[in-house]
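There are 2 protein chains.
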Amino acid sequence: MSAASAARRTNPGLDIVVLEATAHVAYGLCGLPYYLSGVVGSADDLFAYPMERFTQDRRIDVRTAAVATELDSTERRVAFRQSGRTHRLSYSSVVVTAGAAPIPLVVPAVAADRTFTVRTLNEAIALRRLLDAGMVRSALVVGAGYIGLEMAEALAARGCSVTVVERLGQVLPNLDPEPAAVVEEHVRQRVDLRLGADATSADLPGFDLAVVSVGVRPVATLAGDAGAETGPAGALVVDAGMRTSLPGVWAAGDCVAPLHRVTGQPAYVPLGTTANKTGRVAGTVAAGGSARFDGIVGTAVVKVFDLEVARTGLTLAEGRAAGLPALATDVVHRSRAKYYPGGSALHVRLVHGRAGRLLGAQMVGGEGAALRIDVLATALHAGMTVSELASLDLAYAPPYSPVYDPILFAAEAAVRQMGPA
Amino acid sequence: MSAASAARRTNPGLDIVVLEATAHVAYGLCGLPYYLSGVVGSADDLFAYPMERFTQDRRIDVRTAAVATELDSTERRVAFRQSGRTHRLSYSSVVVTAGAAPIPLVVPAVAADRTFTVRTLNEAIALRRLLDAGMVRSALVVGAGYIGLEMAEALAARGCSVTVVERLGQVLPNLDPEPAAVVEEHVRQRVDLRLGADATSADLPGFDLAVVSVGVRPVATLAGDAGAETGPAGALVVDAGMRTSLPGVWAAGDCVAPLHRVTGQPAYVPLGTTANKTGRVAGTVAAGGSARFDGIVGTAVVKVFDLEVARTGLTLAEGRAAGLPALATDVVHRSRAKYYPGGSALHVRLVHGRAGRLLGAQMVGGEGAALRIDVLATALHAGMTVSELASLDLAYAPPYSPVYDPILFAAEAAVRQMGPA
Chain A
112 MSAASAARRT
122 NPGLDIVVLE
132 ATAHVAYGLC
142 GLPYYLSGVV
152 GSADDLFAYP
162 MERFTQDRRI
172 DVRTAAVATE
182 LDSTERRVAF
192 RQSGRTHRLS
202 YSSVVVTAGA
212 APIPLVVPAV
222 AADRTFTVRT
232 LNEAIALRRL
242 LDAGMVRSAL
252 VVGAGYIGLE
262 MAEALAARGC
272 SVTVVERLGQ
282 VLPNLDPEPA
292 AVVEEHVRQR
302 VDLRLGADAT
312 SADLPGFDLA
322 VVSVGVRPVA
332 TLAGDAGAET
342 GPAGALVVDA
352 GMRTSLPGVW
362 AAGDCVAPLH
372 RVTGQPAYVP
382 LGTTANKTGR
392 VAGTVAAGGS
402 ARFDGIVGTA
412 VVKVFDLEVA
422 RTGLTLAEGR
432 AAGLPALATD
442 VVHRSRAKYY
452 PGGSALHVRL
462 VHGRAGRLLG
472 AQMVGGEGAA
482 LRIDVLATAL
492 HAGMTVSELA
502 SLDLAYAPPY
512 SPVYDPILFA
522 AEAAVRQMGP
532 A
Chain B
112 MSAASAARRT
122 NPGLDIVVLE
132 ATAHVAYGLC
142 GLPYYLSGVV
152 GSADDLFAYP
162 MERFTQDRRI
172 DVRTAAVATE
182 LDSTERRVAF
192 RQSGRTHRLS
202 YSSVVVTAGA
212 APIPLVVPAV
222 AADRTFTVRT
232 LNEAIALRRL
242 LDAGMVRSAL
252 VVGAGYIGLE
262 MAEALAARGC
272 SVTVVERLGQ
282 VLPNLDPEPA
292 AVVEEHVRQR
302 VDLRLGADAT
312 SADLPGFDLA
322 VVSVGVRPVA
332 TLAGDAGAET
342 GPAGALVVDA
352 GMRTSLPGVW
362 AAGDCVAPLH
372 RVTGQPAYVP
382 LGTTANKTGR
392 VAGTVAAGGS
402 ARFDGIVGTA
412 VVKVFDLEVA
422 RTGLTLAEGR
432 AAGLPALATD
442 VVHRSRAKYY
452 PGGSALHVRL
462 VHGRAGRLLG
472 AQMVGGEGAA
482 LRIDVLATAL
492 HAGMTVSELA
502 SLDLAYAPPY
512 SPVYDPILFA
522 AEAAVRQMGP
532 A
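Read top to bottom, the protein sequences are chains A and B.
According to the working numbering, the first sequence holds residues 112 to 532 in order.
According to the working numbering, the second sequence holds residues 112 to 532 in order.
Be a bit skeptical, because a hint or two may be false.
Copies of one chain are not kept apart here, so a pair can be met inside one copy or by any two copies together.
[Unchecked claim] Lysine to aspartate or glutamate pairs mimicking DMTMM-like chemistry, simulated, CA-CA at most 20 Å apart: (1) Lys-449 - Asp-183; (2) Lys-449 - Asp-156; (3) Lys-449 - Asp-314; (4) Lys-449 - Asp-155; (5) Lys-449 - Asp-336; (6) Lys-449 - Asp-243; (7) Lys-449 - Glu-499; (8) Lys-449 - Glu-295; (9) Lys-449 - Glu-131.
Simulated from the structure, these hints should not be mistaken for laboratory data.
Please take these sequences and the hints and turn them into a complete structure.
Have a look at this one:
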């Protein structure tokens, strides 16, 4: 819908058709855990706008329950299934925003109709009905990534006895093991966490419910089968104008791998904010306007119970996997002046090259990680060194930070670790 | 004490003497309003370290109640008064960290011994005794800058009936009038605020107490009288190594005017975090080590009752006063996803040049201004344009921000305001 709306702003005269596989458009997918926990009262609250905003105000022809099945980029035609029939549409420009699909997993401990992935609003509504009806006393969450831990928190908030099973030896595989260990301890105090465990094991006891959150894959088959180039994780490769390798075919959202500015290579990091931004660029350019998406730096944040967990750039493991001579500097510092109440410990890991170039950062703490990570994301965009980071004129007042903000404290530790130039 | 400690780290064999006019060293001056309000229980909590950390662990000869009176940079000698006598000390290197002194004002409505500036711990202790004794029902705060509003909040928290009198037509003269108006409305709901009013007027009724906070002046006479070059507001001009124009004389803290990176000129912005950093650089370099202070961008934040108020770079007024063709873009955006509870409206003003170069930012809101301003400070250090700002990969999760963070929302509005390139 970002793409369609941008196309309308760019060209008021265009015919714009949106094919949507489900019944709903433009809702906050990232809000589903909060709808399940009850923090968000009604599913209606999750919608960015009422449907009429798109269909009437923006004159977008939205077709729901319409599943695109084939793209012919030579004939510039799309086939789709709706109401049991196959239809065809000709286009001048097409934007593929097919998103991502959860990786499926059969969990023997839970009935198939009680196993959810919570990737769509429909699923979330069904799951919440079970919760509201008091039918879920025990819940199994498979996967301890962002979504898995958000779901564990939501289910625990509803009074469920929650078990989280993760195949790997740490929570949040997108973090390095050391910061992840801080999160792990926090999670262990709140739910039954089993790392290095197999959710498909027949030994696992039964649960009233399972949420499978073991990652997503880009839905790239439509454009991929038509010959569009794919890259990391099988996602569509695009340029800064969100053009695929096929003429007349743009792509955006969770099905593309945009440029990662730190590595200079395409990367698959499917997140809501990038999906929105790339959609806007794709819609603008596809409609004949001018816009560019300058890439990501891999920023992400998640609330895990009472912790803020954030990352940007590359982890130490990612840096080394990319062949960079990466080092890590770890500090723990207060989030506020020590005498001001309400502060907590903030764990900061900076990842940097041997000459000091900032490559990434991870932060875990009771407060102040989610917004502070953006300073590091900005520094990555600017290609700063840890020495430049240490020289930043950051805001100070006792209710908000110590005199030396944790970022400055970490940057100075990184400078010291590297020794004299 | 930052300078002395840095000197010790740089050279373990150095003789280091600190002359301190009061009885206390290394306490959090910025914490005084919170000590007065009772948020900080004891004055002891405000000390960074016990005195022994400096005198024993770091072997620093700290002389309290010792007032430096004369600096002879040719003979490399300092005179000081202590216990009614004048003493002299020879030095190889001297670091002047004399700080700033409040601008005095006689308030006819309040007795002189009930008029405070709250620039030292001693004063704060005396004032808190009056509050604790229940002797302050009505209080007059003169000046609606950072300190004045912090003091108004502290006194109101103690149950005082507070009147704030400000000579100018707005609160927080370091903000542009539009963001200041948001703060003004908030303050008016909590205390009796009188703008464009004269605290020296004989018409003003009596109060139990007055706090005068009409700004500070650098204490630069010691080095200035010895011939050191002074600049904005009469503060000492220093290079990146915190050297004054006199050989063997360094300076740091609230008595210097460091480089402002946005204007490229020295600026007087006396704040605690800069004082600490410049002290460390001065102590390091004066002791023979290597360090540099790369300047400020004018970042500041203050808590005003339930508002976070932050700025960085230049205001529109400052930009125009500096001869820059500055524009302002104002937006109001949510601090969190609209469906996530606890969010509030964040007012953002971006100040930028006609070609889009970011010159400054101001933010006022219920939450999220204090840490978000650091993103803008970082962008200023990097010399970014508003277009680059709009392309930042900032963190998104519903509890912490909307999909388009208020910074991105403001940057896009600024890009639109400038029109096609």
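Now for the hints, and whether the structure bears them out:
For the identical chains of this complex, Lys-449 and Asp-183 are neighbours neither inside a copy (63 Å) nor across copies (39 Å), given an alpha-carbon limit of 20 Å. In this homomeric assembly, Lys-449 and Asp-156 come within 20 Å of each other (Cα to Cα) only across copies, at 8 Å, whereas the closest approach inside a single copy is 39 Å. In this assembly of identical chains, the alpha carbons of Lys-449 and Asp-314 never lie at most 20 Å apart, being 49 Å within a copy and 43 Å across copies at closest. In this assembly of identical chains, Lys-449 and Asp-155 lie within 20 Å of each other by CA distance solely across copies; the values are 12 Å between and 42 Å within a copy.
With identical chains, the CA atoms of Lys-449 and Asp-336 are never at most 20 Å apart, being 59 Å at best within one copy and 38 Å at best between copies. For the identical chains of this complex, Lys-449 and Asp-243 are neighbours neither inside a copy (43 Å) nor across copies (23 Å), given an alpha-carbon limit of 20 Å. For the identical chains of this complex, Lys-449 and Glu-499 are neighbours neither inside a copy (26 Å) nor across copies (36 Å), given an alpha-carbon limit of 20 Å. Taking CA atoms no more than 20 Å apart as the test, Lys-449 paired with Glu-295 passes in neither setting, with 26 Å inside one copy and 30 Å between copies.
Proximity of Lys-449 to Glu-131 under the C-alpha cut-off of 20 Å is found in neither arrangement, the shortest distances being 52 Å within a copy and 24 Å between copies.
The structure shown violates the earlier hints numbered 1, 3, 5, 6, 7, 8, 9.
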